[in-house]
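Let the sequences and hints guide you as you build the complete structure.
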Amino acid sequence: MSKKVLIVDDEPSIIVALQFLMEQNGYETLVAFSGEEAMETIARQHPDLILLDIMLPVVDGFEVCQRVRENPEWKDIRIVLVTALGSEANAAKGLALGADAYITKPFANADLVAKVKELLACPA
Amino acid sequence: MPRLITKSSFWAFVSLCLLFFSIVMGGLGLVLWDRLPDADRTFLLGMAGQHVGDLIGLGVIFVIGLVFIIDWVFRLYILPVDRLAEEVSVIFRVNPGQRIRLHGSKEAMRLATAINTVADSFEELNRSVEDRIREAGTRAEAEKQLLAMVVAELPQGVLICNPQGQITLYNERAQQLLRGSERHGDDPAEPMTGGFVGLGRSVFGVLNKNIISHALGEITDKMRRGQPDLRSSLVATGRDERLMRVEVVPVLGRDRDFTGFVLILTDISQQLAVERRVDTLFQTLMVKMRAAVASMRAAIEIIRDYPNLEAAKHSQLQGIIHAETLTAGAAMDEAAAEFNRHVNANWPLARMRLSDLLEGICRRAEEKWAARPAYVPGESDHWVRVDSYSMSLALLFILDRLMHESAVGPLRLSTQRLESYFALDIGWTGSPVRMETIRRWEDQAVAVADDAIPSTVKDVLDRHGTEIWAHTRSGGAGESYLRILLPAADPKTPVRFKRSTLLPVNRPVFFDYDIFSRADQHPELDNRMLTELAYTVFDTETTGLDPRGGDEIISVGAVRIINGKMLEDECFEQLVNPQRLIPWSSVQIHGIQAKVLEGQPDIAQVLPMFHKYAEGTILVGHNVAFDMRLLQEKEVLTGIRFGNPVLDTMLISAFIHSAQQSHDLEAIAERLGITIIGRHTALGDAMGTAEIFLKLIPLLAAMGIQTLKQAREASQKTYYARLKY
Chain A
1 MSKKVLIVDD
11 EPSIIVALQF
21 LMEQNGYETL
31 VAFSGEEAME
41 TIARQHPDLI
51 LLDIMLPVVD
61 GFEVCQRVRE
71 NPEWKDIRIV
81 LVTALGSEAN
91 AAKGLALGAD
101 AYITKPFANA
111 DLVAKVKELL
121 ACPA
Chain B
1001 MPRLITKSSF
1011 WAFVSLCLLF
1021 FSIVMGGLGL
1031 VLWDRLPDAD
1041 RTFLLGMAGQ
1051 HVGDLIGLGV
1061 IFVIGLVFII
1071 DWVFRLYILP
1081 VDRLAEEVSV
1091 IFRVNPGQRI
1101 RLHGSKEAMR
1111 LATAINTVAD
1121 SFEELNRSVE
1131 DRIREAGTRA
1141 EAEKQLLAMV
1151 VAELPQGVLI
1161 CNPQGQITLY
1171 NERAQQLLRG
1181 SERHGDDPAE
1191 PMTGGFVGLG
1201 RSVFGVLNKN
1211 IISHALGEIT
1221 DKMRRGQPDL
1231 RSSLVATGRD
1241 ERLMRVEVVP
1251 VLGRDRDFTG
1261 FVLILTDISQ
1271 QLAVERRVDT
1281 LFQTLMVKMR
1291 AAVASMRAAI
1301 EIIRDYPNLE
1311 AAKHSQLQGI
1321 IHAETLTAGA
1331 AMDEAAAEFN
1341 RHVNANWPLA
1351 RMRLSDLLEG
1361 ICRRAEEKWA
1371 ARPAYVPGES
1381 DHWVRVDSYS
1391 MSLALLFILD
1401 RLMHESAVGP
1411 LRLSTQRLES
1421 YFALDIGWTG
1431 SPVRMETIRR
1441 WEDQAVAVAD
1451 DAIPSTVKDV
1461 LDRHGTEIWA
1471 HTRSGGAGES
1481 YLRILLPAAD
1491 PKTPVRFKRS
1501 TLLPVNRPVF
1511 FDYDIFSRAD
1521 QHPELDNRML
1531 TELAYTVFDT
1541 ETTGLDPRGG
1551 DEIISVGAVR
1561 IINGKMLEDE
1571 CFEQLVNPQR
1581 LIPWSSVQIH
1591 GIQAKVLEGQ
1601 PDIAQVLPMF
1611 HKYAEGTILV
1621 GHNVAFDMRL
1631 LQEKEVLTGI
1641 RFGNPVLDTM
1651 LISAFIHSAQ
1661 QSHDLEAIAE
1671 RLGITIIGRH
1681 TALGDAMGTA
1691 EIFLKLIPLL
1701 AAMGIQTLKQ
1711 AREASQKTYY
1721 ARLKY
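Note that the protein sequences, when read in sequence, are chains A and B. For the first sequence, the numbering used here assigns the number 1 to the initial residue and increments by one for each residue that follows. For the second sequence, the numbering used here assigns the number 1001 to the initial residue and increments by one for each residue that follows.
Because the hints were derived from the structure by calculation, they are not lab data. One or more of the hints may lead you astray.
Not close to chain B: a few residues of chain A, all C-beta gaps over 10 Å, as computed [to be verified]:
#1 Met1
#2 Lys4
#3 Glu11
#4 Leu18
#5 Phe20
#6 Gln45
#7 Asp48
#8 Val58
#9 Arg67
#10 Glu70
#11 Asn71
#12 Leu85
#13 Ala89
#14 Ala91
#15 Leu95
Computed list of lysine to aspartate or glutamate pairs in DMTMM-like fashion (alpha-carbon distance at most 25 Å, straight line) [as the list claims (entries may be wrong)]:
#16 Lys117/A / Glu1086/B
#17 Lys4/A / Glu1334/B
#18 Lys115/A / Glu1334/B
#19 Lys3/A / Glu88/A
#20 Lys1313/B / Glu88/A
#21 Lys3/A / Asp1305/B
#22 Lys1695/B / Glu1086/B
#23 Lys117/A / Glu1334/B
#24 Lys1288/B / Asp111/A
#25 Lys75/A / Asp60/A
#26 Lys1288/B / Glu11/A
#27 Lys4/A / Glu70/A
#28 Lys1288/B / Glu1359/B
Even for Gly, the Cβ is constructed at its ideal location relative to N, Cα and C.
Written out as structure tokens, the structure reads:
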């Protein structure tokens, strides 16, 4: 059974690109356009990995990351923050909140795919 | 000068003489009676018994006659002499223009005439001496006033304080930055809040004491370590929560002892706001650009890495790339517009009337080349933001190039409003100027005859965020133009005009050079010299004369006296809504009608501010018991109690000039050569009373009354002190 990757971003353009990339690499994709939608999808579908933007309306990516990590039932879900916020402080915060990786936009597709494969190959 | 005989002592003397006369005559009578034979005694007793009525009548007539004679002597000879002594003191101490006018004996009148003649010479001599002193002090005064002007006109706020934190010098900018909300332009019903900035006041009333103490501690440490830079810099909050940079600089004496400190205040709230805006602008732009580029990159790499993409996906990714380039472009446009609109404040531009700028340019063109461009000013309400000198010179340079390089005909200036700019069109009849010529001019340094600045035309245009180009207008055959955009100033932004300064007379008194060398202040006010104390001279206007009967204060006016100077720029003046009807009889006196008081704060709001204004000073007023009574009636309502010591100029005048009939404000003012402006207004009367008080102090000193305690004790001795409210 293929692994499920949830893509969370409020920009449709990037979702199209990421969805294509993940599906080309054999992953089933789920999509959410907001933090709230992401939480609903996580509860319903229990993805294996989340590609999570930070600058989301209302509930941002940091909060989604924190909520996922607070739920012991979701501790196996991998989180990759994919964001335009490029400062060291943002990255430190994201990793401190429990993200497994922090990738700054713009990124190389190959690098992103490699990170996803790496994280999904290792147990949580 | 010892007091001459007073009325009471005179009558005591007269009574003593009469008693002595009576005793002597009585004694003689008894001796004679004793020597008389019995028959003579019987005869005399019989005569007395028969004519007892006549005898009593004669006795009464005698006594009455005697009293009238003595009173006549007193009024013609004793009282005038007493008045002469008082008037002489006034002439030679406070008012050389005063002349003695009295009614009395011929001898007293002759003496008065002689004294008036001497007073004429004294006044002339006084004037001559004052002229000489004024001449001698003019240069020092001019230098002092120049320093005062420099300090007063500085863009930073400046406060100089003694070691105890009392303000000895301040400028208007410091007052603006620190004082509580101004009344001018604000809702008049809103009472002032916050502390006062004024001479002799504590700086800790307007600035956090802990902050200043921290800075002074830092300076002390630096002094101990022998560091050369002794200033301390900190950020404090001023009026309306604006942020200020406060530099604390110590003032050291010859022995490097701490004699005071200087506070230099700079308003950084706008600068911080600009920096915050720039930061926000940058962050927003970065995020938007990163997101757009990420989408573009992802799409491009997919296209590159998956050459066999189906057509629909390929088309979708192309669409994404295009859309994100538009998004990136829009983000940059928005950031640039925002930057130009609100943030580009690198070069200080000032508001100026467009017509003033262009008329100035035309005038200078006429001076330099005897060729004045035609210009018809438009609306006088058009304002621009320019660096006047560099823009004027740059435009003159352009005019110079047009006239002498391109040899165009007579030039015309016209303007047109374009949203956030005014378009300045330089027009002429003839061929247009080519763009490369304009570009060449832009790259040249701005220089016109002997006037030059180290900037190119392009530099000047850039700092104004503007451009110059060859412009065409429809329907203007044969007409050519150069157009320059000048940034419009916001018409809603009020223009603050600085007060014009005239030397040396009109310089407001903001400072006193002597306070630094004064001894430390002592808490026992009673034994302090009257000349050293701080006073608040005040007056109230009321609805009537019955404080206990419900009459209320409708106006409070006050002025402070520091170091023998009345500080006219630190007045307190406030109308008060009495929350009751104002009788017409009182309106006829003070002229304040009920409608003027509508919307004014009530006494519960005004009294706390006045209490703060008068804090630490002696209260002075004319017939001040009345005013103090009114204040006392409001203690329960406001919780404000005025525990300041009080002096009354009416009582002091009655003590000094006991021989004078009248001690009302007008009579005293006339006697002392003072003109009261704004009589029966609270502030006018307060200032008149202050001038009177300043002239009474040396008169008291001449009588040995020099301390506050002595002045209060002397006041209590007068007749008027018996009148209580």
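Each hint tested on the structure:
No beta-carbon of chain B is positioned within 10 Å of the beta-carbon of Met1/A; the least distance is around 25 Å. The claim that Lys4/A lies off the interface holds: its Cβ sits roughly 20 Å from the closest Cβ of chain B, which is beyond the 10 Å cut-off. For Glu11/A, the non-interface assignment is contradicted: its Cβ lies about 6 Å from the closest Cβ of chain B, within the 10 Å cut-off. Its beta-carbon lying about 7 Å from the closest one in chain B, Leu18/A breaks the requirement of being farther than 10 Å from that chain.
Taking the minimum C-beta to C-beta distance to chain B, about 6 Å, the non-interface status of Phe20/A is violated against the 10 Å cut. With 10 Å as the threshold on Cβ separation, the claim that Gln45/A sits away from chain B holds: the shortest Cβ distance comes to roughly 23 Å. Annotated as non-interface, Asp48/A keeps its C-beta farther than 10 Å from every C-beta of chain B; the closest such distance is 21 Å. Remark: the non-interface label on Val58/A is consistent with the geometry, its nearest Cβ contact in chain B lying 17 Å away (cut-off 10 Å).
Chain B leaves Arg67/A outside its interface by the beta-carbon criterion, the shortest separation being 23 Å against a cut-off of 10 Å. With a least beta-carbon separation of about 27 Å from chain B, Glu70/A lies farther than 10 Å from that chain, consistent with its non-interface assignment. The non-interface label for Asn71/A is consistent with chain B: the shortest C-beta to C-beta separation is roughly 29 Å, beyond 10 Å. Distance to chain B contradicts Leu85/A as a non-interface residue, since its nearest Cβ pair spans about 7 Å, not more than 10 Å.
Its beta-carbon lying about 12 Å from the closest one in chain B, Ala89/A satisfies the requirement of being farther than 10 Å from that chain. Against chain B, the non-interface label of Ala91/A holds: every CB pair exceeds 10 Å, the least being about 13 Å. No beta-carbon of chain B comes within 10 Å of the beta-carbon of Leu95/A; the shortest separation is about 19 Å. Between the alpha carbons of Lys117/A and Glu1086/B the distance comes to roughly 110 Å, so the proposed pair goes past 25 Å and is violated.
The suggested pairing of Lys4/A with Glu1334/B is violated, with an alpha-carbon distance near 39 Å, which exceeds 25 Å. The suggested pairing of Lys115/A with Glu1334/B is violated, with an alpha-carbon distance near 35 Å, which exceeds 25 Å. A threshold of 25 Å between alpha carbons decides the hint, and for Lys3/A with Glu88/A the separation of about 31 Å lies outside it, so the pair is violated. A C-alpha spacing of about 35 Å is found between Lys1313/B and Glu88/A, which places the hinted pair above 25 Å, so the restraint is violated.
With a C-alpha separation of about 23 Å, the suggested pairing of Lys3/A with Asp1305/B holds against the 25 Å cut-off. Simply put, Lys1695/B and Glu1086/B have alpha-carbon atoms about 14 Å apart, close enough for the 25 Å limit, and the pair holds. Restraint check for Lys117/A and Glu1334/B: not satisfied, since their Cα atoms lie roughly 39 Å apart, outside the 25 Å limit. Using a Cα cut-off of 25 Å, the hinted pair Lys1288/B and Asp111/A holds, with the two alpha carbons roughly 22 Å apart.
A hinted pair counts as satisfied when its Cα atoms are at most 25 Å apart, and Lys75/A with Asp60/A qualifies at roughly 19 Å. For the proposed pair Lys1288/B and Glu11/A, the alpha carbon gap of about 11 Å is at most 25 Å, so the pair holds. A threshold of 25 Å between alpha carbons decides the hint, and for Lys4/A with Glu70/A the separation of about 21 Å falls inside it, so the pair holds. Distance restraint check for Lys1288/B and Glu1359/B: the Cα-Cα separation of roughly 46 Å exceeds the 25 Å cut-off, and the hinted pair is therefore not satisfied.
Violated hints, listed in ascending order, are 3, 4, 5, 12, 16, 17, 18, 19, 20, 23, 28; each of the other numbered hints is respected by the structure.
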